[in-house]
Structures are given as structure tokens and as C-alpha cells.
Amino acid sequence: MTTQLSTTTGAADQVRDTTTPTDPGGRARAYLDDADLGQGLPFARLLRTELRKTVDTRAGRWLLIVIVAVTALAMGLMMWLGREDGADYPTLLLAAVTPQAVLLPVLGILTAASEWSQRTALVTFTQEPRRLRVMAAKSLAAVLLGLVVVAVTIVLAGLAHVASAGLAGGDVDLSLPGHVYGGVVVLQLIYVLMGVAFGAMLLNVPLAIAGFFVLPVLVNIVSMTVGWVSERAAWIDQTIAQTPFMALDAAPTGEQWAQLGVTSIWWVVVPMAIGLWRVARREVK
Amino acid sequence: MIQIENLAKRYGAFTAVDDITFTARPGRVTGFLGPNGAGKSTAMRMMCGLTPATSGTAHILGRPYRSLPNPTTHVGVMLDAGAQHAGRTGREVLGLAAILVGAGRGQVDSVLDRIGLTSREAERRVGNYSLGMRQRLGLGAALIGDPSVLILDEPANGLDPGGIHWMRELLRSYAQEGGTVLLSSHLLSEVEQVADDLVLIGRGRIVAQGTKEELLSSAGVVVDATDREALHAALHRAGFSPVARPRGGFAAQAGTAQIGELALAEGLVITNLSSSGGGLEEMFLTLTADDAREVAA
Ligand SMILES: Nc1ncnc2c1ncn2[C@@H]1O[C@H](COP(=O)(O)OP(=O)(O)O)[C@@H](O)[C@H]1O
Ligand SMILES: [Mg+2]
Chain A
1 MTTQLSTTTG AADQVRDTTT PTDPGGRARA YLDDADLGQG LPFARLLRTE LRKTVDTRAG
61 RWLLIVIVAV TALAMGLMMW LGREDGADYP TLLLAAVTPQ AVLLPVLGIL TAASEWSQRT
121 ALVTFTQEPR RLRVMAAKSL AAVLLGLVVV AVTIVLAGLA HVASAGLAGG DVDLSLPGHV
181 YGGVVVLQLI YVLMGVAFGA MLLNVPLAIA GFFVLPVLVN IVSMTVGWVS ERAAWIDQTI
241 AQTPFMALDA APTGEQWAQL GVTSIWWVVV PMAIGLWRVA RREVK
Chain B
1 MIQIENLAKR YGAFTAVDDI TFTARPGRVT GFLGPNGAGK STAMRMMCGL TPATSGTAHI
61 LGRPYRSLPN PTTHVGVMLD AGAQHAGRTG REVLGLAAIL VGAGRGQVDS VLDRIGLTSR
121 EAERRVGNYS LGMRQRLGLG AALIGDPSVL ILDEPANGLD PGGIHWMREL LRSYAQEGGT
181 VLLSSHLLSE VEQVADDLVL IGRGRIVAQG TKEELLSSAG VVVDATDREA LHAALHRAGF
241 SPVARPRGGF AAQAGTAQIG ELALAEGLVI TNLSSSGGGL EEMFLTLTAD DAREVAA
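Protein sequence lines, in the order shown, are assigned to chains A and B. Residue 242 in the numbering used here sits at position 242 of the first sequence; the count goes up by one each step and never skips. Residue 192 in the numbering used here sits at position 192 of the second sequence; the count goes up by one each step and never skips.
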């Protein structure tokens with residue numbers, strides 16, 4: 001080994017900055033010393049790439065465009081329906097939130113599963129072999145995008161209300177109980193994470209989308225027909241557990257929060273745990 | 001440096017990689033050569049921690065791949081040029097790789113320059129790239145972290161003769177700078193001119209390895225004796241560069257008469273002696289033919 005390294009000077013061995021990338025012998029390295037190891041891949045960089053990956057493909061970009069378009073459409077419809085007296089702010093907001101709850105999870109699914117369908121997992125897990133770290137960055141990226149969508153929606157609903165009230169000559173009223181904001185944020189984040197979890201569990205985009213939409217419907221049918229389940233539906237069926245969080249009149253009770261938490265275990269935590277286990281073990285090829 | 005020791009991978013009852021051991025050294029290009037299905041890609045995936053090994057170890061720069069901090073700053077990997085999102089532009093693919101290694105925008109431009117993609121081509125989606133362009137892009141992504149080790153699976157696939165020449169020059173100068181290069185191929189002609197060392201694999205097993213000169217010597221013989229250790233020592237002393245063969249005996253660079261004289265002088269009992277004929281080419285063809293027979297049967 002030493003003979004092959006004989007062209008390497010000690011100094012050249014240390015030089016690895018970009019100023020002298022073609023220094024002869026500069027790459028000659030049999031082993032990495034602790035000094036050469038360098039820092040690990042910072043999580044911020046991983047997060048930055050994962051955020052970018054969600055918007056730099058046609059599929060990702062179209063999804064965001066569809067989310068914006070559907071939001072505009074829902075609010076436009078509400079403004080038209082309320083053209084006489086002006087559309088309420090809460091009505092505008094909740095009109096947009098409902099279709100978003102269908103589309104945001106797809107964002108989560110794409111983030112977690114599309115790399116396996118497109119085979120870029122081969123590249124991603126070569127760049128960061130600590131796979132759960134990649135999944136943490138993906139989950140956080142999806143959550144951040146979900147939060148941005150919610151924030152933009154709140155602002156748009158406010159603007160739409162002001163415009164609608166102005167056109168109809170009605171009063172501007174931007175008041176909304178705090179629990180509704182909390183409910184909207186929590187529900188959308190649960191949906192985004194549920195999307196990530198289903199994506200990771202099935203590792204296939206069409207399959208995950210189908211599973212995401214079919215499974216809750218099946219459970220809903222079961223909870224309506226099977227007595228044992230329907231008695232406990234609010235603890236099992238998340239669509240039922242979530243209903244109080246969109247209500248304007250009363251804040252959710254402690255029991256309703258507990259029901260949301262318990263259903264989230266079945267629908268988010270369990271699929272996520274299975275998904276992470278699969279991602280960590282699966283052969284990437 | 002890449003050190004592979006007793007690496008094996010079994011899929012159920014099928015052994016894809018069977019106890020392989022070899023080292024790819026700094027400053028040298030190591031060709032990993034074998035017919036389709038020999039286990040090259042599986043072995044390379046195991047080196048990079050993508051496929052769990054059934055047994056054995058793979059160390060890169062003295063460590064398992066998974067324990068390298070920010071591995072792409074040390075190891076440039078291209079396992080499959082086709083594994084890119086069809087909807088991303090070439091520039092974006094390099095941009096993502098650049099963020100992870102902490103390289104700047106300028107680095108992306110200089111890599112584009114180096115792999116010979118024009119800026120107009122770089123703005124196109126990878127889905128519209130030819131296989132050769134994808135190979136160049138994959139190589140660019142591997143190079144962007146300025147690594148000291150390169151692991152490339154069939155990088156010459158789909159390249160035109162000009163592209164193959166370009167890649168050869170690039171890998172050659174990379175090794176001259178001291179880098180370790182491991183590249184696989186199923187075509188002898190692709191690696192013959194660029195590799196310093198060769199590892200031949202067939203049906204998961206290494207059937208021959210050594211420097212290219214050792215393996216290419218067409219005037220070689222295959223020889224075996226009752227006392228293999230003594231034979232090896234004698235061949236070595238005589239300067240016949242013996243290479244151990246997987247099924248016993250040695251390949252040596254000498255004529256049959258020279259071996260006969262050596263055996264007489266050293267008092268060795270020769271049990272097998274034949275001229276190996278076409279050297280590497282013949283060995284490679286035999287390997288491929290073996291597989292073909294297996295399929296036909
Ligand atoms: N998941 C798997 N299950 C069963 N056999 C596999 C699997 N992956 C690869 N193989 C087999 O392993 C062998 C080696 O494949 P590979 O490493 O791709 O060969 P090469 O790259 O040399 O052409 C092939 O026969 C292939 O069919
Ligand atoms: Mg292969």
C-alpha cells in the first residue's frame with residue numbers, strides 16, 4: 001500500500017478544499033483519519049433538499065397548483081353564493097379547508113413513496129444511509145408545506161371576505177374562535193402525516209393513494225354496521241373523531257381531544273411505525 | 001480504498017454473491033468484470049449499504065459505508081443511471097447533489113462542463129435524455145462532492161465510442177490524482193483499456209483477479225502440483241507471477257517447458273499442466289459460455 005501512496009505528500013493529503021481539486025495525488029487515500037472525516041450531513045441540508053424535491057418535479061408542482069386552484073374555486077363559489085350579503089369569513093375558510101384535507105395528504109404520500117416508484121431512493125439513501133433521518137426530513141418538509149398552505153389559506157379567506165363584504169356592502173367581520181384555527185392546523189397536519197405514513201407503509205404512490213382513501217371509507221362502513229364498532233366509533237373512526245374540530249359554536253372537549261389522539265394512533269402512528277420499519281429494512285434497488 | 005472481505009448475499013436458496021474478497025486500491029482503476037447476472041450490481045449495492053449483506057464485510061476508506069459521515073463527500077456512487085426522476089432537469093439533479101455535499105452553484109456549472117452537457121441540455125428533463133446522457137449526468141452527480149473513491153456500475157453502458165473514450169480519460173486522470181476507482185462491466189473491451197486491476201466474477205464467485213498484465217498474459221499456463229505451497233514459492237522465485245485459481249492450482253506466466261524444468265529442478269510432482277491459451281479473453285468467454293449452457297439446460 002505504501003508504494004502506491006508514495007506520490008502523496010503529507011500536505012497534499014490534507015488538501016481537500018475546492019481551490020486545488022486537481023492536485024496530483026490529492027485524492028490518494030486508503031483510510032479516512034478522524035481529521036479527514038469531516039462533519040456529518042447537516043439535517044438542515046437534508047431538509048432543504050427534501051423541500052426542493054417536493055416542488056421541483058412536474059407531479060409536485062402540479063399538486064401545488066391544484067391545491068391553489070381548488071382553494072380559489074372553493075372560495076369563489078362561496079363568494080358567489082354569498083353575493084347578496086357578503087360571504088362569512090369562517091364559511092370561506094372552512095370551504096377551502098375541506099378539499100385541502102383531501103389534497104395535502106397526497107403531498108405527504110408523494111414525498112414518502114415517489115422515490116421508490118421513481119427509483120431515486122437508490123440515490124437518496126446513498127447520499128444519506130441513515131434512512132430514518134431522511135424520513136424525518138421528508139416528514140418535516142411535508143409538515144412545513146402543509147403549514148404554509150394553511151397560513152396562505154387563512155390570509156386568502158380573510159381577503160376574500162373583505163372583498164365579498166365590500167362588494168355586497170356588508171360588514172367586515174374577521175372574528176373566529178381560536179379553537180377553529182387550532183382545529184384547522186391540527187387536522188391538516190394529521191392528514192399530511194397520515195399521507196407520509198401511508199406512503200412509507202406501501203412505498204408505491206398509486207397503492208398508497210388508493211389505500212389512503214379506501215381504508216377510511218371501509219372503516220366508516222364497518223362502524224355504521226357493526227354494533228361493537230359503532231358504539232366506540234369516535235375512538236376508532238377518525239372521520240368521526242374529527243367532526244367536533246370543525247364546529248364553530250363550541251370548542252372541543254377534553255374527551256374529544258382524547259378521541260382525536262387515540263384515532264391518530266391507529267391512523268398515523270401505527271402506519272408510520274410500519275412504514276419506518278419497512279424503509280429501514282428494505283433493499284434499495 | 002475499498003476492501004471487500006468474504007462478502008456474500010443469498011436470496012432464499014439462491015446465492016447471488018458468493019464469498020467474494022478483493023481490494024480496490026488508491027491510484028488504480030479496478031475493473032469488476034462479469035457476464036450479466038454474475039452479481040456485480042448486488043455486490044456494489046452491498047458496498048453502499050443499500051442491500052444488507054448475508055455475511056462478510058465491505059469497508060470503504062476503512063469504514064463501513066453507513067458509518068461514513070456525509071458519504072458522498074468521500075465516495076462518488078453511480079449504481080444506476082436510470083434511477084433518476086424523469087421530471088427533473090439535469091441541472092436540478094446536480095443541484096440537489098450539490099446542496100448535500102455543501103458545494104456551490106459554481107460547482108454545478110463546472111461539473112456540467114466536465115461531463116460535457118451543454119447548459120441547454122442541462123435545462124431539459126432527464127426523461128428526455130438518452131442513456132448516454134444519463135450516464136454522464138450520473139457520473140457528474142458522483143463527482144460533485146470531489147470524492148476520493150468512485151463506485152460506478154456499468155458506467156459505459158449506452159455511451160457512444162466518443163463517450164467511452166471520454167470516460168476512460170476521466171477515470172484514468174482520476175486515478176492518477178490518487179483516487180480509487182471501481183467500475184463494473186459485462187464487456188471486456190470496455191474495461192480492458194482503462195483498468196489497472198481486474199476482478200472477474202461469474203455466478204457470484206470470483207474466478208480470477210490480479211493486475212491486468214498478469215491476467216492478460218496470453219502465454220500463460222495452468223499448473224498444479226501435489227505440494228501447492230512449494231509450487232507457489234517456486235513459481236514466485238522464478239518470476240512467473242503465479243495467480244491462485246479458484247478450483248486449485250495456479251495460472252503462471254511461463255511456457256510448459258519452463259514449468260517442466262522448474263518442476264525437475266525443485267523436485268515437484270506436477271499433477272496438471274496446460275497452456276491456458278487466450279488468457280483473459282478466453283477466461284471471460286468460458287465464464288459467459290458456462291452461464292449460457294446453464295440457461296440452455
Ligand atoms: N431480490 C432478488 N431476489 C432473487 N434474486 C435476485 C434478487 N436480486 C438479484 N437477484 C439475482 O442475483 C443475480 C445477480 O444479479 P446482479 O447483481 O444484478 O448481476 P449483474 O449486475 O452482475 O448483472 C441475478 O441472477 C439476479 O437474478
Ligand atoms: Mg448489473
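In short, the hints are calculated from the structure, not lab data. Note that the coordinates shown come from a computational prediction; the quantities given were computed from them, not determined experimentally. Even for Gly, the Cβ is constructed at its ideal location relative to N, Cα and C. One or more of the hints may lead you astray.
If you anchor each label on the Cβ, the simulated ranges turn out as follows [unchecked claim]: (1) A:D33 / B:A244: 54 to 62 angstroms; (2) A:A69 / B:R114: 39 to 47 angstroms; (3) A:A251 / B:R10: 21 to 29 angstroms; (4) A:G178 / B:R10: 39 to 47 angstroms; (5) A:A44 / B:E229: 53 to 61 angstroms; (6) B:T54 / A:P206: 48 to 56 angstroms; (7) A:F213 / B:L187: 31 to 39 angstroms; (8) A:K285 / B:E5: 16 to 24 angstroms; (9) A:R58 / B:T118: 39 to 47 angstroms.
Consistency of the hints with the structure:
1. A:D33 / B:A244: 54 to 62 angstroms: With a Cβ separation near 33 angstroms, A:D33 and B:A244 fall outside 54 to 62 angstroms, so the hint is violated.
2. A:A69 / B:R114: 39 to 47 angstroms: At 42 angstroms between Cβs, range holds.
3. A:A251 / B:R10: 21 to 29 angstroms: Since A:A251 and B:R10 have Cβ atoms about 59 angstroms apart, the given range 21 to 29 angstroms is violated.
4. A:G178 / B:R10: 39 to 47 angstroms: At 59 angstroms between Cβs, range violated.
5. A:A44 / B:E229: 53 to 61 angstroms: 58 angstroms, holds
6. B:T54 / A:P206: 48 to 56 angstroms: 32 angstroms, violated
7. A:F213 / B:L187: 31 to 39 angstroms: Once the Cβ atoms are compared, 48 angstroms apart, the range 31 to 39 angstroms for B:L187 and A:F213 is violated.
8. A:K285 / B:E5: 16 to 24 angstroms: 23 angstroms, holds
9. A:R58 / B:T118: 39 to 47 angstroms: 22 angstroms, violated
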